[in-house]
Amino acid sequence: MSDQSPAHNLVFGMAGSGGDGIVSAGDSLLQAAAAEGYHGVMTKSFGSQIRGGESSCRVRISTDPILNPGGNLDVAVALNWEDFLKFGAELPVSGTTVVIYEAATLIPPDRIPLVGVVPRQVIPVPIAQMAKDTAGTERAKNTVVLGLIAGWFGIGAVAVMKGIRKKLAKKGEELVEANQRAFDAGRAFAMANPLKVNMNIVPSETKGAVKLITDGNDMCAAAAIFAGCRFFGGYPITPSTEIMQFFTDHVWKYGGSVLQAEDEIAGIGAAVGASFAGVKAMTATSGPGLSLKTEMMGLATIAELPLVIVDVQRGGPSTGLPTKNEQADLFAAVFSAHGDVIRPVLAPTCVADTFRITVEAFNIAEFYQTPVIILSDQEISQRKETLDPIDTRQFEVIDRLEPSAIDLKDYKRFAPTENFISPISHPGMLGGTYLASGIEHTESGAPTNSGTVHARMNEKRTRKFEPLKDRKDLFEVLGNPDAPLAMVAWGSVAGVCREALQMAQEEGLNVKLMVPYLLYPVAEGAYRDFFASVRKGLIIEQTHLAQFHKLLRMHLDLPSGVRPLARSGANPFLPGEIVAALHNLLSELQRRHEGKLQPQE
Amino acid sequence: MNGTATCEFQPKDYKSDLKPIWCPGCGDFGVLQGIYRALAAIGRPPHEIAFVSGIGCSSRIPGYTTAYGFNSVHGRSLPIAQGIKMANPDLLVLAAGGDGDGFSIGGGHLAHMVRRNMDIAYIVMDNQIYGLTKGQLSPTSHKGLTTCTSRHGSLEEPVNPLLYMLAYGAGFVAQAAPTDLAGMATIIEAAIRYPGFAFVNIQSPCVTYGMEEQQIKGLKAMQESLEALGHDSSDRLAAMDLAQHYGRKLHLGVFYRNPEPPPTYGDLVKARQEELSKNALPVENILDLFIKK
Ligand SMILES: Cc1ncc(C[n+]2csc(CCOP(=O)(O)OP(=O)(O)O)c2C)c(N)n1
Ligand code: SF4
Chain A
1 MSDQSPAHNL VFGMAGSGGD GIVSAGDSLL QAAAAEGYHG VMTKSFGSQI
51 RGGESSCRVR ISTDPILNPG GNLDVAVALN WEDFLKFGAE LPVSGTTVVI
101 YEAATLIPPD RIPLVGVVPR QVIPVPIAQM AKDTAGTERA KNTVVLGLIA
151 GWFGIGAVAV MKGIRKKLAK KGEELVEANQ RAFDAGRAFA MANPLKVNMN
201 IVPSETKGAV KLITDGNDMC AAAAIFAGCR FFGGYPITPS TEIMQFFTDH
251 VWKYGGSVLQ AEDEIAGIGA AVGASFAGVK AMTATSGPGL SLKTEMMGLA
301 TIAELPLVIV DVQRGGPSTG LPTKNEQADL FAAVFSAHGD VIRPVLAPTC
351 VADTFRITVE AFNIAEFYQT PVIILSDQEI SQRKETLDPI DTRQFEVIDR
401 LEPSAIDLKD YKRFAPTENF ISPISHPGML GGTYLASGIE HTESGAPTNS
451 GTVHARMNEK RTRKFEPLKD RKDLFEVLGN PDAPLAMVAW GSVAGVCREA
501 LQMAQEEGLN VKLMVPYLLY PVAEGAYRDF FASVRKGLII EQTHLAQFHK
551 LLRMHLDLPS GVRPLARSGA NPFLPGEIVA ALHNLLSELQ RRHEGKLQPQ
601 E
Chain B
1 MNGTATCEFQ PKDYKSDLKP IWCPGCGDFG VLQGIYRALA AIGRPPHEIA
51 FVSGIGCSSR IPGYTTAYGF NSVHGRSLPI AQGIKMANPD LLVLAAGGDG
101 DGFSIGGGHL AHMVRRNMDI AYIVMDNQIY GLTKGQLSPT SHKGLTTCTS
151 RHGSLEEPVN PLLYMLAYGA GFVAQAAPTD LAGMATIIEA AIRYPGFAFV
201 NIQSPCVTYG MEEQQIKGLK AMQESLEALG HDSSDRLAAM DLAQHYGRKL
251 HLGVFYRNPE PPPTYGDLVK ARQEELSKNA LPVENILDLF IKK
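Chains A and B are the protein sequences, given in the same order. According to UniProt numbering, the stretch in the first sequence is residues 1 to 601, in order. According to UniProt numbering, the stretch in the second sequence is residues 1 to 293, in order.
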């Protein structure tokens, strides 16, 4: 952002104690931004305390579509420093940040506890006092903050207050009025103390256009219901629980049902049962729950039953970092099973594409008669995004292949077919009775321990996935397709890389980015094509072991200059950090070829 | 509901072509006969029946019927059966397995099965030993039993399946034995007809790793009909008293049958679906839920 012209993009970070209403302020800001036609992304982060601990949120608002919550903050709001500093890496302050903080902390602006950074401007504001004076209670601090933001950054004062009014309407007119006064006070303070540089956001051209606001978990559940899912079995675990909550709110309306089971095993077991009974079914969990579900996933594989399993990743292993992001369940999703198993694994990269990926997951599960894992992550699942309306009618919904009347004359559940997919009956279907089992079975479903039959069935259960690897629509390549410099990233990290790509291109780098939505089976061909032009590259992921890099290397030879940019969660990658790594690669490339191989524009 | 006869069926109509792998003399043969008879008495066509089991010798049983069978993984028949019932409440859903399957690895599911009161009948072939894995201690083995995993005798008290089920609040709890085939068939039939979750414990001896011929004779000597005792099966406390005799007396018959069965889970689900479907958006418009006005 240049210093004098208005911004197209602003990143706000706020932190305070549990009762400060930080997240609620973030929500209001995002909603107001959406009403004003901006695009927005909001993430929230909490300390480990259940109530009353520190909480923070980050809201990014932009005139253009955005796919990640941004890097350094443009605006930092600290209701107290102790809490703010607990989110050091999540709320990075830089030389271009305007820092607003509670004046009651009595820290002079030049002594604020930000080691080694000199923010663009630092403004103490008596937020608590203003809340007390205007609303009669410190609880209105978050409304004062919203007033300050509206005043300084030009985010529709009307829209913010309209949102607050709606939120508080139930609690009585008195409270609404009190908050209006707090808001006005914040705004007046901002007007009376203008910023050193103009940081007003450019008015959006799409003001008034309909926008959706949702997070990845709700989106996933809504997409599942759209795709025809009518049964959910699960057990609560952060950060996946909202998926079950959405089902309990809505699936009944569509003739479905939901079971909060006694544990993860029962949750997925019920889903396996529902699928056997002919109904599209889903379960959702996070790392430790996925561990428990693995035996049932093997069962669904050998019994060839469609099933969608969502794993919303958090930091692991074991209970790990329950509320923070990581991508380290990749190996577990791909490999955790005994025996020879191929299980498709898909990953959305943002809230919006969670819809398509979830519908795809059901389509693949139903078509191939297999469990499919959706590998979501804490970041996508719990962050809120503003979305343009999605025309759901453009998505095809695929149902499993049922036996025809002729098939049912002499029905063999696991009959060999050309594409290895056999019509599947379900209880209630006359002529279709068979034995589903976890034990190896013949074509008819009869238990066997014949090695020959086992080998044939293993072939059936794995070869059926070959066509899936040719699905071009499950991969996205951005940037110059012939670039010598490359990035590969999946899940929420892909969203950051999309922005890094843009930045790198603006800086003149000849680079491209591959975003796989299908992680497994590994589509060797797609990667081979992608890497054909590549001399140097980064596989970017939030894991300690560089799991995705290793998974790719199991399946194909990568150019020797391709290496992992991998680190554990929970701190998000920043676009600038990725661009810096690309610059390093480029200079290596240039050094090695002594100027012979210049990037071509 | 489970019990509506639609046409005439014979026990043989429920017998599949698969040949049981059980050892000659295994009690499970008798249980299978009892199930054929009970199903014929009820008369639901095989394709409207879903029969789920876990893993164990006994868990092979669904494959020997012409119903839709599901021989799943160890200990998990009940969750799977529940999913089937929720997905299609019109099916007759049966679950079966061994004592290890049901009370050891799967024991955590029992209380919840009862709480949910789905219209499912659960039959346990209780041989007080692990058959399929060749003779280890089971949760219903009596204290002191010597097996290959308890060479010096077990140190644990057995669980009491009947008392468990009664304590959890099951609406139908019964015990049967293949030594009284007709009685067993009647009990299984009653369990299936009970509108709600029904549990039948069947003393089904394992002749290979469990009981010697002598012991099976002893078992017969322990046999005592609850009916002959004049037990009132609507009296849950009396049932609990009698259930205390598990392992010492073999009471056959219905320990408890709730005289006023509460609505089943399925009934409640249906009511909720009907109530809530009135204000459903067309599914194509489900994303409208996310529009913030
Ligand atoms: C997760 C798992 N653990 C262990 C086993 C091995 N196993 C198979 S059957 C069985 C016990 C069977 O005993 P029971 O349920 O009493 O049935 P029975 O064979 O006596 O009829 C065990 C331990 C398994 N298949 N899966
Ligand atoms: S091992 Fe025992 S339980 Fe298993 S089939 Fe043989 S007799 Fe029956």
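Don't take every hint at face value.
What the hints assert, rightly or not - Taking lysine-lysine pairs in the BS3-like style, the calculated list, with each CA pair at most 30 angstroms apart, reads:
1. A:44 / A:166
2. B:12 / A:412
3. B:292 / A:167
4. B:249 / A:44
5. B:292 / A:162
6. A:207 / B:292
7. A:44 / A:171
8. A:170 / B:293
9. A:460 / B:19
10. B:19 / A:167
11. B:12 / A:253
12. B:278 / A:409
13. A:550 / A:472
14. B:293 / A:171
15. A:170 / A:86
16. A:196 / A:167
17. B:292 / A:171
18. B:12 / A:170
19. A:412 / B:293
What the hints contain is simulated information worked out from the structure, not anything from laboratory work. None of these values were measured; they are calculated from a predicted model.
Mind listing which of the numbered hints don't hold for this structure, in increasing order? 4, 10, 11, 12, 15, 16, 18, 19
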